[in-house]
Amino acid sequence: MGEPAIAVTGLRKSFGPKEAVAGIDLEIAAGSLAGLVGPNGAGKTTSLSMMTGLLRPDGGRVLINGLDMWADPPAAKAVIGVVPAEARLFERLSGEELLEYAGRLRGMVASEARSRAKQLLHVLDLAEDAKRLVADYSTGMRKKAMLGCALIHNPSALFLDEPLEGVDPVSADVIRRLLTRYVGSGSTVLFSSHVMELVEQVCDHVSIIDKGRIVATGTTEQVRDGKTLQQAFIDLVGTRAHDEEVLSWLGSSSS
Amino acid sequence: MARLLVQLKLRLLFNALRASTGAKVGFILSTIFAALVAGGVFYLLSTLGGGIAAADLTTAIFCAFGLAWLIGPLVVFGLDSTLDPATLALYPLRSRPLAVGLLAASATGAWPAATLIGLLGATIGLARGALGVFIALLAVLLQVLFCITLARFVTTALAGMLRSRRGKDFAALLIIPIFALYEGFIQIVPKLAGEGALTAASFGGVDLWLRWTPPGLAVHAIRDASTGHPGTALLRLALLAGIIVVLGVAWILSLRRAMVTTDTSTQSAVRGSALPFARYGLRGTVAARFWLYQRREPFALIYWGITTVIMVVVAIRAVLTPDWFGGLLASAAAGGAFVGYFHANAIGMSGPGFGLEAAALNGRRAMRAWFAGQNIAVGAIAVPLVTAVSFGLAAIAKHPMDGFLATAVGLAGIGAGLALANLFTVALAYPVEKRGGTPMPRPVSGHNGEAFAVWFLTILGAGVAATPVILAAVLTRTDPAAIWMPVLVLVGAAYGLALTWAGVRGAANVAEQKLPELAQIAIQSAL
Numbered sequence: 001m002g003e004p005a006i007a008v009t010g011l012r013k014s015f016g017p018k019e020a021v022a023g024i025d026l027e028i029a030a031g032s033l034a035g036l037v038g039p040n041g042a043g044k045t046t047s048l049s050m051m052t053g054l055l056r057p058d059g060g061r062v063l064i065n066g067l068d069m070w071a072d073p074p075a076a077k078a079v080i081g082v083v084p085a086e087a088r089l090f091e092r093l094s095g096e097e098l099l100e101y102a103g104r105l106r107g108m109v110a111s112e113a114r115s116r117a118k119q120l121l122h123v124l125d126l127a128e129d130a131k132r133l134v135a136d137y138s139t140g141m142r143k144k145a146m147l148g149c150a151l152i153h154n155p156s157a158l159f160l161d162e163p164l165e166g167v168d169p170v171s172a173d174v175i176r177r178l179l180t181r182y183v184g185s186g187s188t189v190l191f192s193s194h195v196m197e198l199v200e201q202v203c204d205h206v207s208i209i210d211k212g213r214i215v216a217t218g219t220t221e222q223v224r225d226g227k228t229l230q231q232a233f234i235d236l237v238g239t240r241a242h243d244e245e246v247l248s249w250l251g252s253s254s255s
Numbered sequence: 001m002a003r004l005l006v007q008l009k010l011r012l013l014f015n016a017l018r019a020s021t022g023a024k025v026g027f028i029l030s031t032i033f034a035a036l037v038a039g040g041v042f043y044l045l046s047t048l049g050g051g052i053a054a055a056d057l058t059t060a061i062f063c064a065f066g067l068a069w070l071i072g073p074l075v076v077f078g079l080d081s082t083l084d085p086a087t088l089a090l091y092p093l094r095s096r097p098l099a100v101g102l103l104a105a106s107a108t109g110a111w112p113a114a115t116l117i118g119l120l121g122a123t124i125g126l127a128r129g130a131l132g133v134f135i136a137l138l139a140v141l142l143q144v145l146f147c148i149t150l151a152r153f154v155t156t157a158l159a160g161m162l163r164s165r166r167g168k169d170f171a172a173l174l175i176i177p178i179f180a181l182y183e184g185f186i187q188i189v190p191k192l193a194g195e196g197a198l199t200a201a202s203f204g205g206v207d208l209w210l211r212w213t214p215p216g217l218a219v220h221a222i223r224d225a226s227t228g229h230p231g232t233a234l235l236r237l238a239l240l241a242g243i244i245v246v247l248g249v250a251w252i253l254s255l256r257r258a259m260v261t262t263d264t265s266t267q268s269a270v271r272g273s274a275l276p277f278a279r280y281g282l283r284g285t286v287a288a289r290f291w292l293y294q295r296r297e298p299f300a301l302i303y304w305g306i307t308t309v310i311m312v313v314v315a316i317r318a319v320l321t322p323d324w325f326g327g328l329l330a331s332a333a334a335g336g337a338f339v340g341y342f343h344a345n346a347i348g349m350s351g352p353g354f355g356l357e358a359a360a361l362n363g364r365r366a367m368r369a370w371f372a373g374q375n376i377a378v379g380a381i382a383v384p385l386v387t388a389v390s391f392g393l394a395a396i397a398k399h400p401m402d403g404f405l406a407t408a409v410g411l412a413g414i415g416a417g418l419a420l421a422n423l424f425t426v427a428l429a430y431p432v433e434k435r436g437g438t439p440m441p442r443p444v445s446g447h448n449g450e451a452f453a454v455w456f457l458t459i460l461g462a463g464v465a466a467t468p469v470i471l472a473a474v475l476t477r478t479d480p481a482a483i484w485m486p487v488l489v490l491v492g493a494a495y496g497l498a499l500t501w502a503g504v505r506g507a508a509n510v511a512e513q514k515l516p517e518l519a520q521i522a523i524q525s526a527l
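Here the protein sequences line up with chains A and B, keeping their order. Okay, so the first sequence: first residue is 1 according to this note's numbering, each after it adds one. Okay, so the second sequence: first residue is 1 according to this note's numbering, each after it adds one.
Next up, chain B with everything else stripped away, as it sits in the complex (with noise of 0.2 Å):
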């Protein structure tokens, strides 16, 4: 059973450079990332040295490893077959013989590969002597089979649950403070680490309760061997070999529920009885389904929040700064082009369901009404969003009143991003489709041009479009503030709404000359 289920695991990596070419690419860099992170690993634990603090920095890497295994299979869920019992289960297959195959398949592939190697890191930088070299070993071969068994057994007591619509929200969700969490580590780790703010000794003391973690008892096992203390080491292992074990019964017994226990769906009823704003006749429908799309569709809810990081992350390494001017209008620009950049395929995005709206909207005045009942839902969102962070960052830079002027380019952002949202949502309307391992919409292959293009245009186009505005934020900084800033403000909302409305018209009219088209590109998305 172990054998056929890794030949199973091995064919279908295998499989993945058969794909397209979307997916293959996926899969090459996905192995690229696992090798630079096994290496990396390697390198940083290996150079670490024998000392107290070393022991901390190594507690914590484990403890990552540890909880990147914990969420990792919930986020590829959909990805890896071997992952849901499912697909297994219409199988005579005893449970026992199927957990050894499952675990077996489990450690098949580049991560866990990146995670035994990497790991091993350890074996020289933290262990001392042959004994503390073998204790190394044996702690960070228990450490990937704790991770291993921890993921099985999370995925399969969840699986039920991650099949149901709601669970597979929750885990698309996670997408948020997983980029949250990457985009601090790339964006403030090397700043902190070249100005010598972060060093080893930044760890001292991380470990008092991390230690008593099971990765903190594989890492603590491999300094008590090395400190002269085997009788400790060997104790630490054994309790997290029956940690695992435990893990391991829990996990068969979930095993065994989740091959004959049916899926479980969502039941729950919406509140409210009618569309809101129905009665602002057509205009106010379509604003109604978009808005409750943003508030219900996990993709609308990761964009609002990838929106929010990115204005965090554009501007936090200036806003503490002197140059922090620059950053809260940077933050605030980017704010509006994303805006736009996460709704220039509304058709494509809307998916089929689109096929309902085509088969009833007649005439430009109804794509008029159908392109502003978008941009109404959008900026109702949008507007606060951009103008709290603006301001949340102009608080942080100790200048609370410039958060007028980031508003004044975030509203002029918000309505060229719209604006370019509503043009390309026609002129370059591409397929999207959600497949496993992102919860997020991709371009169906063949259509990976239209989407790039989208993304940069619109980018750059409300970069340049808000350059009036930023401009007139730069000019009006040397003016007494407490006149100018909320005129400006004023005058960002007026440029951004023109933009807008201009946007709406030239979409609508070409949108109105090619309805079946843009209906066909709806209907082949999967969502």
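Chain A on its own, in the form it takes in the complex (with noise of 0.2 Å):
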């Protein structure tokens, strides 16, 4: 393997006394699409928010393409695009106005950045829709709408916290097959995600994080060792049992 595209190592962030990464390494190669999974609190968005220069380490190393993302933040962040979690968009500006917006502050002209807007939001299925305020879009329009900002420079690393969370199964099918065509052309994604199933449909690659260490790392063959993936991620992170027989009344039509 040759220089990998994305290079983590012992990545650590805490919150006062709580260690919310501690110390994660990760490497992905080029052309990608990685996973990032673990449960509810694991670390996945500090991490990937670390991963994109939006939240400052307390120590450890991100490598974007040799690109060092603390010693050279403008330089690193100008190869990669970033899909959060939770919306941040700029919600008084129509769909259009938002991705030639964030085209122009990668620096595109204006003319480009236009023209890339009109595409993307075509191939999105937000053509229709491209002169609405995004305050009117729905969950998985504003979903789209921030795959259109991250991709609209043509980044050759592409973050993606819980990409389709929300996402009605037809917008869920254009993204999906929007990210297989970049990572086609030699290009990385990273992105985390609950649903092991649709993880273990389109990545090559899965890190497993738990409590802010990463427990299991590899091509999705290996981590799944034989298993479904949610089987194997349940043996590694381990169940959380709880004594349901309170709840002997559920079920009951008697009252």
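Check the hints yourself; a few may be wrong.
Unchecked claim - List time: in silico DSS-like cross-link candidates among lysine-lysine, alpha-carbon distance up to 27 Å: (1) B/191 x B/24; (2) B/24 x B/434; (3) A/18 x B/514; (4) A/211 x A/18; (5) B/191 x B/398; (6) B/434 x B/514; (7) B/168 x A/131; (8) B/434 x B/168; (9) B/434 x A/131.
Said to hold, decoys possible - Here are some chain A residues the structure puts well away from chain B; computed CB gaps all over 10 Å: (10) 139; (11) 174; (12) 222; (13) 249.
Derived from the structure by calculation, the hints contain no laboratory data. Heads up, the beta-carbon is just placed ideally off N, CA and C, and yes, glycines get one too.
Both chains are given apart, each in its own frame, so use the hints to dock them into the complex.
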């Protein structure tokens, strides 16, 4: 394997006494579609925020195509696109204005930004809503608009945090096909998700994070180890069993 | 059902005391204010006597309560969960008992009690004799019922609209006339009353048509009963009761519809297909974003409205007196200072959208472009606004040429305000959130200290920074005005631009070093 597109070493972050990310190491090859999975509060979003220059780590190193994110943020940020878990959009711009704005922030000339914005809106099935304010968009439409903002400057690495949460199956298929095509051209995707079936279907590389530590990483086949990814995940992370006997009334139609 | 909903309302009120410090203080202040209104209105009405002018003033006060009950719930729609039928639509409830329950819930709380207690002053002031007092009691009860039913009908009928983005925008903008009325009331009414220009007799004749409104019917029923016309009084109360029944039926019908109607969403599109000024580099692109936000974001419009009201209020008492010149300059300086204050937390106020910018902006030059773009968009509105208000006030003072001097001070104030705004945006950034009951973003709990410091230092700093131009304006006034006034405007503009330039450079230097921390603050904002 040549130089990895994304290389993370010893990345850690604490919030007060709570250690959110406890020194993770990760290597994602160029052209890979990698998944980062873990239970709620495992440190996925914190890790992705530190990898994308939006949260200063307490320690560790993040290299994107050999560019150090925290030693030279301008150079590293120029080659990545980011889709956060929660909408970070300017709600009072129209979809078309938003994508053009994202392109212009990335230094694209106005005509090119406008042209790519129209093409992306068309592919993302947002052309008919291009002139509506983002404030009036549904959850799925916002996710697609965020993806458009992240792709407009054609980054070599894309980071997505729960990209399909709240997205309908048709839109999810659009996003999935777009990502597959993007990776096919040699670019790299790292995304976090709770949906094991999705990760199993589309990812060639999987890392499982729990309590701020990477507990398994490798190709999807290696991590599955002959089981479903869901089962492998539960085996590694463990179940959170509770005494369900107290809900003995549930299912009864008597009251 | 009524008991359950009253318990729910009481629980919601009680829980306000367990909320964040800011919410708790707001609730306590609101309750104290309600008690003051109850006591003040009761005292005023009970001391009016039974004359013609007293009936006019009582009618005006009853109508004011009706208007307050009409507008208030629209503004606090998100605050009181019991106002929104959608919160109850999930449960198997019949509309008639639900209506009774909601009515009872509406009558629970400090403000319904304040309305009842305050208006009961009419039983002492306007009413005469046992029959007059009895009719007054009935009239006040019917008036309170009318206020509650009207508020319920309007909020239920508009509930779908108020939940939509455009409806929330409309409700938010109501704060501008309310603020203007409030400021006008506390600034002008005490002055006029103190000078003897405003007495009960000033209201003589206002009820020529107000007497036929529902609150007017209640007041004139009391007067008729007190002057020996019980039949007319009962007829007026019967008419008022009929209006309440019609409103109640309309409310129940709209409640039935609201329970099975989906929310309306805004489908309108924006005009134009491109970002304006985007061809002028990163600075032009950022200016375009801020420019569009000044037009489309309700709280941006509210800030401009409040700035205008403050400029007028600061000067209005002075411009009609020999001290008009001081008022004019103070108004212009205040305009510049408030322009700065309202933009002094630009990153926190940008909200999570700033994450998009933080992921793309790189280095000091980019941050300079970001601050300069913001200043260009804000200045494009602030400069003509402050100039127009300054010349308007100078014209009212009958010294229109002195508008030049006020404009010079205003330009310096805007420059100083924006420079401080840029610096505090990076030095004292804090996350904000929108809460029910107020259309304007408030500091997230735990950040009130930064918010207060930003307010205090921006207003004080802008005033101090504008002082040289204020002094120049005072000294120039004695010189041949036609020569010096335009020169002073240019000096004020150049001084303001220099301050803004320094503010942009200083803020960009700091922002470059702490962009990830600023991004995290913006992401914490909930707008």
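So, going through the hints one by one against the coordinates:
A threshold of 27 Å between alpha carbons decides the hint, and for residue 191 of chain B with residue 24 of chain B the separation of about 33 Å lies outside it, so the pair is violated. Between residue 24 of chain B and residue 434 of chain B the alpha-carbon distance is near 16 Å, which keeps this suggested pair within the 27 Å criterion. The hinted pair formed by residue 18 of chain A and residue 514 of chain B meets the criterion: a straight-line CA distance of about 23 Å does not exceed 27 Å. Our distance criterion of 27 Å between C-alpha atoms is met by residue 211 of chain A and residue 18 of chain A, whose separation comes to about 10 Å.
For the given pair, residue 191 of chain B sits about 21 Å from residue 398 of chain B by alpha-carbon distance, which is consistent with the 27 Å threshold. For the hint linking residue 434 of chain B to residue 514 of chain B, the alpha-carbon distance of about 25 Å falls within 27 Å, and the restraint holds. Distance restraint check for residue 168 of chain B and residue 131 of chain A: the Cα-Cα separation of roughly 20 Å lies within the 27 Å cut-off, and the hinted pair is therefore satisfied. A hinted pair counts as satisfied when its Cα atoms are at most 27 Å apart, and residue 434 of chain B with residue 168 of chain B qualifies at roughly 12 Å.
Under the criterion of a C-alpha separation no larger than 27 Å, the hint pairing residue 434 of chain B with residue 131 of chain A is consistent with the structure, at around 26 Å. Residue placement check: residue 139 of chain A keeps its beta carbon more than 10 Å from all beta carbons of chain B (closest about 13 Å). For residue 174 of chain A, the condition that its CB be more than 10 Å from all CB atoms of chain B holds, with the nearest at approximately 21 Å. The claim that residue 222 of chain A is not at the interface with chain B holds, since no C-beta of that chain comes within 10 Å of its own (minimum 32 Å).
Non-interface status of residue 249 of chain A relative to chain B is upheld: no Cβ of that chain comes within 10 Å, the nearest being about 20 Å off.
In the structure shown, a violation is registered for the earlier hint numbered 1 alone.
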